[in-house]
Amino acid sequence: MFKPKKILVPTDFSDHADRALEKAIDIAKEEGSEIILFHVIHEDFQTCVVDYCFTADEIDAFKKRVFQAASENMQKQLDKFPSSKEVKVSIEARNGIPYEEIIKLQEEKGADLIVISPHGRSAIKAFFMGNVASRVLKHAKGEVLLVK
Amino acid sequence: MVKPKKILVPTDFSEHSNRAFERALDVAKQNDSEVVLLHVIDQDIQACTVDYCLTEDEVTKMEKRVMENAKNSLHQIQTKFPLSGEVKTSAEVVQGIPYEEILKFQEQNGVDLIVIASRGRSAIAKYFLGSVSSNVLKGAKCETLLVK
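Protein chains in written order, with my numbering: chain X, 1 to 148; chain B, 149 to 296.
Each computed SDA-like pair below joins lysine to any residue, with the alpha-carbon atoms no more than 20 Å apart:
1) X:5 to B:151
2) X:3 to B:154
3) X:29 to B:175
4) X:148 to B:258
Hints in this document: simulated from the structure, not taken from any laboratory.
Turn these sequences into a full structure, and let the hints steer you where they fit.
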């Protein structure tokens with residue numbers, strides 16, 4: 001309905017993210033847009049604890065596992081929606097602060113629409129918008145569709 | 149819902165809300181939707197200052213003038229854009245707290261999409277999300293498209 005070329009869908013694998021993804025697939029099918037499903041790994045890969053440090057190799061191996069898991073989870077999420085097969089979808093994972101990475105990726109990929117649901121995993125009450133969504137709304141350079 | 153039937157565009161007559169309206173016309177044309185422009189008069193006319201009170205008549209007169217001005221401004225916007233003639237539009241003026249009235253209007257009138265600008269007249273910073281928009285995004289029961 002909005003004729004976007006590239007739709008960015010940030011996901012935290014919650015039901016809310018499912019709804020946003022479903023909506024994005026709907027739009028993409030109609031408008032021939034492509035979708036980037038995106039997960040931000042909000043994790044500091046800390047190398048040292050009080051009296052022990054991981055080696056760089058160990059950290060790398062761990063990071064790799066986390067990224068691998070993120071990709072698998074995104075694939076699983078996509079599989080919930082058979083119609084995603086009719087749309088060009090790519091998946092991306094990055095490490096960092098969610099809203100910052102979302103805005104960064106939007107600019108990098110030239111996504112002209114972000115579809116996001118206001119309540120992610122950490123939203124407490126229905127009325128309060130998740131932090132990530134509200135920051136994305138504030139900082140996004142393009143249009144944002146908020147799905148309830 | 150891929151195709152919205154009724155699109156609500158709250159306006160404070162700023163350039164930003166004009167952009168939202170233009171965008172809504174665009175979406176409406178593609179989807180055969182109708183667009184409702186809504187302006188909320190948010191000042192309560194104060195009848196008394198420190199040492200003088202307006203008569204009830206005077207207040208009523210002023211309220212009427214404010215209402216008429218708002219209607220005129222709405223009419224101007226309604227017909228301002230090239231797409232105006234191709235889309236079914238209507239305009240409404242109500243009095244109250246802007247975001248509350250916007251949300252109320254959405255629920256009472258079967259609006260299935262709100263198109264709103266990220267800032268209205270009073271927001272200063274470049275990437276700031278205005279308080280009205282932010283409250284609408286938080287409280288809306290339908291999908292909301294945030295136009296930058």
